[in-house]
Amino acid sequence: MSGVRKSLAKVEIALRWDPSPAGMPANDLDIVAAVYAAADPYGEPVYLVHFGSRAPDGTITLARDSRTGQGFGFDEVMTLELDRLAPELGRVVVGVVIQDAGPAAAPDRKTFAAVGGTGLRVREGYTDLATTDFAELAGATAATVAEFTRDAAGGWTLDARTRGFDADPQEYARVMGAAPRG
1 MSGVRKSLAK
11 VEIALRWDPS
21 PAGMPANDLD
31 IVAAVYAAAD
41 PYGEPVYLVH
51 FGSRAPDGTI
61 TLARDSRTGQ
71 GFGFDEVMTL
81 ELDRLAPELG
91 RVVVGVVIQD
101 AGPAAAPDRK
111 TFAAVGGTGL
121 RVREGYTDLA
131 TTDFAELAGA
141 TAATVAEFTR
151 DAAGGWTLDA
161 RTRGFDADPQ
171 EYARVMGAAP
181 RG
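The numbers in full-length UniProt numbering rise by one with no breaks, and the one at position 17 of the sequence shown is 17.
Simulated from the structure, these hints should not be mistaken for lab results. Treat the hints loosely; a few may be bogus.
Listed next, with one range per pair, are the computed distances between beta-carbon atoms [as the list claims (entries may be wrong)]:
(1) Val-175 / Pro-87: 22 to 30 Å
(2) Ala-130 / Asp-166: 16 to 24 Å
(3) Glu-12 / Ala-39: 25 to 33 Å
Derived EDC-like pairs: lysine to aspartate or glutamate, alpha-carbon spacing no greater than 16 Å straight-line [as the list claims (entries may be wrong)]:
(4) Lys-10 / Asp-57
(5) Lys-110 / Asp-18
(6) Lys-10 / Asp-128
(7) Lys-10 / Glu-124
(8) Lys-10 / Asp-83
(9) Lys-110 / Asp-100
(10) Lys-110 / Asp-168
Note that beta-carbon positions come from the ideal geometry of N, C-alpha and C, so glycine has one too.
Given only the sequences and the hints, what does the whole structure look like? Please build it.
Below is the structure:
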């Protein structure tokens, strides 16, 4: 019997973190997805999805947004319906960025090390595909957490290697999908 390879179809990215201590500025983390054309997978994104936006065709949505981390369980949840993405789209990069991390040169710039209780889960159905707690990215202010690519047969695969960045939200949106140096 030959093996049957199953492509990813509908994936959920869920993010959690603890509120900041009393008297401290709120911890505000955001999930961001950048969608790239199959013809230019490392160029400019065709579109970005973040709080207050969604994919033009409704295939990527952010169901919950938290500005403080208060609540139980996961604070932000993004759903990607990869099997519904247009054929001309070939890559989706998902990341997490700290809002209001402070100026780049500031010694007290907020990084993942300063945000307690972080956790991220990539799941399809009831199967966890990847998890992280950002410990390996303690000095970063943003991180790429999942990269989905369409293969020649049209199926979607996941690369869940994390990559940290020292960037504000606008800069991160510009560089998050760049080819890794190396």
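Checked hints:
no. : hint                          : result
1   : Val-175 / Pro-87: 22 to 30 Å  : 26 Å, holds
2   : Ala-130 / Asp-166: 16 to 24 Å : 23 Å, holds
3   : Glu-12 / Ala-39: 25 to 33 Å   : 28 Å, holds
4   : Lys-10 / Asp-57               : 15 Å, holds
5   : Lys-110 / Asp-18              : 14 Å, holds
6   : Lys-10 / Asp-128              : 13 Å, holds
7   : Lys-10 / Glu-124              : 6 Å, holds
8   : Lys-10 / Asp-83               : 7 Å, holds
9   : Lys-110 / Asp-100             : 8 Å, holds
10  : Lys-110 / Asp-168             : 11 Å, holds
Of the numbered hints stated above, none is contradicted by the structure.
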